[in-house]
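There are 2 protein chains.
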Amino acid sequence: MYTYRMRIAYDGTRYRGWQKQKNTDQTIQMIIEKELSHLCESSVVISGSGRTDSGVHAFGQEASFRVKKELETERVRKELNKKLPDDIRVLAFTEAPEGFHARKSAVGKCYEYYVDLQDKADVFSRRYSYHFPRKIDVAAMREAAEYLKGIHDFSSFTDGKDIDDTVRTIEEIQIQKEKERLILTFYGDGFLYHMVRILTGTLLCVGTGQIAPEKVKEILLSKDRRQAGFPAPAKGLFLKEVYYEERG
Amino acid sequence: MYTYRMRIAYDGTRYRGWQKQKNTDQTIQMIIEKELSHLCESSVVISGSGRTDSGVHAFGQEASFRVKKELETERVRKELNKKLPDDIRVLAFTEAPEGFHARKSAVGKCYEYYVDLQDKADVFSRRYSYHFPRKIDVAAMREAAEYLKGIHDFSSFTDGKDIDDTVRTIEEIQIQKEKERLILTFYGDGFLYHMVRILTGTLLCVGTGQIAPEKVKEILLSKDRRQAGFPAPAKGLFLKEVYYEERG
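Protein chains in written order, with the numbering used here: chain V, 1 to 248; chain U, 1001 to 1248.
Hints are computed from structural coordinates only; laboratory data are not their basis.
The structure presented is a predicted model; accordingly, all values stated were derived computationally and were not measured.
Cβ coordinates follow ideal geometry from the N, Cα and C atoms, glycine included.
Fair warning: there could be bad hints in the mix.
[Stated by the list, open to error] Here are the computed lysine-lysine pairs in the BS3-like style, where the Cα-Cα straight-line distance is at most 27 Å:
#: 1; chain 1: U; residue 1: K1083; chain 2: V; residue 2: K82
#: 2; chain 1: V; residue 1: K83; chain 2: U; residue 2: K1135
#: 3; chain 1: V; residue 1: K179; chain 2: U; residue 2: K1078
#: 4; chain 1: U; residue 1: K1034; chain 2: V; residue 2: K82
#: 5; chain 1: V; residue 1: K235; chain 2: U; residue 2: K1135
[Stated by the list, open to error] Distance windows between CB atoms, simulated:
#: 6; chain 1: U; residue 1: T1013; chain 2: V; residue 2: D162; range: 42 to 48 Å
#: 7; chain 1: U; residue 1: A1212; chain 2: V; residue 2: S125; range: 36 to 42 Å
#: 8; chain 1: V; residue 1: E98; chain 2: U; residue 2: T1208; range: 49 to 55 Å
#: 9; chain 1: U; residue 1: R1014; chain 2: V; residue 2: D119; range: 19 to 25 Å
#: 10; chain 1: V; residue 1: F230; chain 2: U; residue 2: E1178; range: 44 to 50 Å
#: 11; chain 1: V; residue 1: E178; chain 2: U; residue 2: E1178; range: 43 to 49 Å
#: 12; chain 1: V; residue 1: Q118; chain 2: U; residue 2: Q1210; range: 38 to 44 Å
The shape of chain V in the complex, shown without the other chains (with noise of 0.2 Å):
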C-alpha cells in the first residue's frame, strides 16, 4: 500500500463543511472522494486532519489516503485539479511515509478569522470575512488573550457533546488590526467543535467592553458555554495550516 498526502485550498461558503455526510452530498471530503476514486480506478477514503463546519474555508487543510496502486503524484495532482470544481484545489500532493495519518499525526494547526470594522463591509473581502461594525478595543482583547493561551479545559467554548477530552493547548493568539480590518491568529495542538469561532466571538465581546478581559479567566474556569460569548460566523474563519512537526 502506498500513502498519500494532499494539501488542499477551498471556498467553503457553498458546502456543508469538510466532513462526509448522509444526506448530502456538497461536502469537500465527498467531492475529493469521488473524483480522487476515479482517477485511482479504486474506491479511495480520505482523512483529513479535521472537519471544518459548513462554510468554513482553508488556506491549507490536509488530508491522507492509502492506495494500492503508485500514483504519479503531480499528474493525479493536476488530474484532480481539472476535474474539481473552481472552489477546491489541491496545492500539493506527495507521497508520505507509511503511517501517516492527516487527522492522526497531527501536532498543531493554525487558524485565522477575519473581521471587517468598517461602516459597510468591503466589497472584496465580503464573502470572506465578518462584518462587526463596532468600535473595539485591541488592548483589551489582547489583555483577554493571555488568559486563554496555555492548557486548559475548553468545555465553556465548544459546542460538541459527549466529548471525552475537552483539554487543549493554545500556544498563541495574535490579534492585528490593519486600518479596519482585525486578524486573529490561533496556534494550537488542536480545537473543539466551535471553538475558534466561540474564542472570537468572547474576544470580539471583550472588544466592545461587553465581556471584561479578566472576566475570561472566570469563563474559561466555569465550564459553562452559556457564559462564553457567540459564536462568529463560518464565513469569517480559515483553516490555514496544519502542522506535522513543532513549529520552529
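Since the structure of chain V is already known, use the hints to place chain U on it.
Structure of chain U alone, referenced to chain V:
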C-alpha cells in the same frame, strides 16, 4: 447649487458596467442615482470619471453631482451605503469646489490588472483575476511596455469607433510578479474603450512569445486594431484611482 464628490468601490461581476443604459437597470451609475435621488429628495444625475465595462471592478471610481440642497456629507454617505447593495460601497463623500466635475476635472487614472498564472486558479481570487496558466517571460513584457509609454495614437489598442482623438499619454506601466500572480499597473491621462484590456492582452502575448517585444512599436504605428492582442477579460481589471492633481 452645491457640488459633491464621491469615491466608490464596486465588485462589477453582476453589473452591466458603470454607465447608464437603456434596456437595463443593472448599471452602477443607475443604482447609485436612484438611491441618491431618494435621499436628496430630488432627481440627481451623477457623472463618473469614466465608464467601466461590464464586469470591471473599482477600488476607487470617482463621481460628482450638483444639487440644490446642502447635504450632511457623512450622514448621506452612511445612509447611501445602507441602501446600496453589498457589492457597491461609497468610500468617501465630500463637498467639492464649484465647477468640479469627476470626468472633466480628472488629470489621470490608474488601472490594475490581475493575472493568475497557476495551473488552477486560486479559489479566493478567481472572481477577480484572469486565469492564464502559461509560462510568462516578464522581462520581455517589460521591454514591450517601454514602447507603449509616452504620447501615442492608441488606435491599435481600442475597440472604440468614431473617436476624434485617439492620442493618449501613458506615464507608466509597472509589471510585478508575486509568486504565480502577475499585476500590471497602468498610469495615464486617460484610456480609450477597451484600451487597458487590449494592452494587457497584447503584453500577455509578448509574455508567451507570440508577439516579439519590439513588434509592439510597429503595432502602435500601424493604427490597426487587428495587429494588437486580445482584450483580456473584464474580471481581472480594476479602476484603482482617479487623479485630480498631477501625481507627486
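Is the hinted pair V/K179 and U/K1078 satisfied, with a Cα-Cα distance of at most 27 Å?
The given pair, whose Cα atoms are some 19 Å apart, holds under the 27 Å limit.
Outcome for the supplied range 42 to 48 Å, where the beta carbon pair is U/T1013 and V/D162
Since U/T1013 and V/D162 have Cβ atoms about 44 Å apart, the given range 42 to 48 Å holds.
Cβ distance range 38 to 44 Å for V/Q118 and U/Q1210, holds or violated
holds (43 Å)
Take a quick look at whether U/K1034 and V/K82 sit within 27 Å of each other, Cα to Cα.
violated (43 Å)
CB-CB spacing for U/E1178 and V/F230 relative to the 44 to 50 Å hint:
Given a distance of about 37 Å, which is not inside 44 to 50 Å, the answer is violated.
Quick one, are V/K235 and U/K1135 close enough, alpha carbons at most 27 Å?
Answer violated: V/K235 to U/K1135 is near 34 Å, above 27 Å.
Could you tell me whether the CB distance from U/A1212 to V/S125 stays inside 36 to 42 Å?
holds (40 Å)
Could you grab the alpha-carbon distance between U/K1083 and V/K82 and see if it respects the 27 Å cut-off?
violated (40 Å)
That 49 to 55 Å hint for V/E98 and U/T1208 (C-beta), does it hold up?
Roughly 43 Å apart at Cβ, these two residues miss the hinted range, so it is violated.
Does V/K83 pair with U/K1135 here, judged by a C-alpha cut-off of 27 Å?
holds (22 Å)
Starting from the hint 19 to 25 Å, judge whether the C-beta atoms of U/R1014 and V/D119 obey it.
Roughly 23 Å apart at Cβ, these two residues keep to the hinted range, so it holds.
Verify the CB-CB distance for V/E178 and U/E1178 against the hinted window 43 to 49 Å.
violated (18 Å)
Going through the hint list in order, the structure does not satisfy hints 1, 4, 5, 8, 10, 11.
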